[in-house]
Amino acid sequence: GAGVSQSPSNKVTEKGKDVELRCDPISGHTALYWYRQSLGQGLEFLIYFQGNSAPDKSGLPSDRFSAERTGGSVSTLTIQRTQQEDSAVYLCASSRGNAEAFFGQGTRLTVV
Amino acid sequence: GEDVEQSLFLSVREGDSSVINCTYTDSSSTYLYWYKQEPGAGLQLLTYIFSNMDMKQDQRLTVLLNKKDKHLSLRIADTQTGDSAIYFCAERLYGNNRLAFGKGNQVVVIP
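Residue numbers (this note's numbering), protein chains in the order written: chain A, 8 to 119; chain B, 2 to 112.
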């Protein structure tokens, strides 16, 4: 596609439920990032995939968070047993190697 | 470390120049970026500078990099109301290539 696509754009879920957020990167981009942006805050790094290398998971806030990237393309961020503090906008970005990263529009997650 | 610091708020009159500042701590960063985020939108890449440069100009945007002080600035000339947004600086960390972002600087353009 022309840009990074994220789905859903909005998600409301009940506390304790699991959610999956999807990211379709720009075709040919080898690097994929997930960030979280809480209200009025900057971007919190979550996880980074680069080609076939082991992902950098150092930003995942707890073991309830996991992400995978299948076939070097689409990525899914999964949050298990959601908590209210997980409410945020989840942003995905992709880049071609070391080049500039392009962001999707984000998924706004609200845990009620 | 990878802390990126930005001041929080700037108001500027339409037509004036605005300058947004950022400091970073990783002296080995390879690229530094400026992103713009309008309300309810994702981040839009505005411009970037390679670490061996000290200035880059792109239309109304001028990026200055002082590697000695680890200071990055973005100057917007002839600021327009459409420039009202949050501006994030980011550094690409050497080694793991991760992007570290500052907390953002909200710019409000007053007509």
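Think of the hints as simulated: they come from the structure by calculation, not from any bench. Computed from a predicted model, the values in this text were never measured in an experiment. Keep in mind that a hint or two might mislead.
Stated by the list, open to error - A partial selection of chain A residues facing chain B, derived with a Cβ cut-off under 7 Å:
| hint | residue |
| --- | --- |
| 1 | Y55 |
| 2 | N59 |
| 3 | A108 |
| 4 | G111 |
All residues carry an ideal CB built from backbone N, CA and C; glycine is no exception.
Against the structure, the hints come out as follows:
Hint on Y55 of chain A holds. Least Cβ distance to chain B is approximately 5 Å, under the 7 Å limit. Taking 7 Å as the C-beta cut-off, the interface hint given for N59 of chain A is violated, the closest approach to chain B being about 14 Å. The criterion of a C-beta within 7 Å of any C-beta in chain B is met by A108 of chain A, whose closest approach is roughly 6 Å, and the hint holds. At a threshold of 7 Å, the smallest CB-CB gap from G111 of chain A to chain B is about 6 Å, leaving the interface hint in force.
Checked against the numbered hints given earlier, this structure breaks only hint 2.
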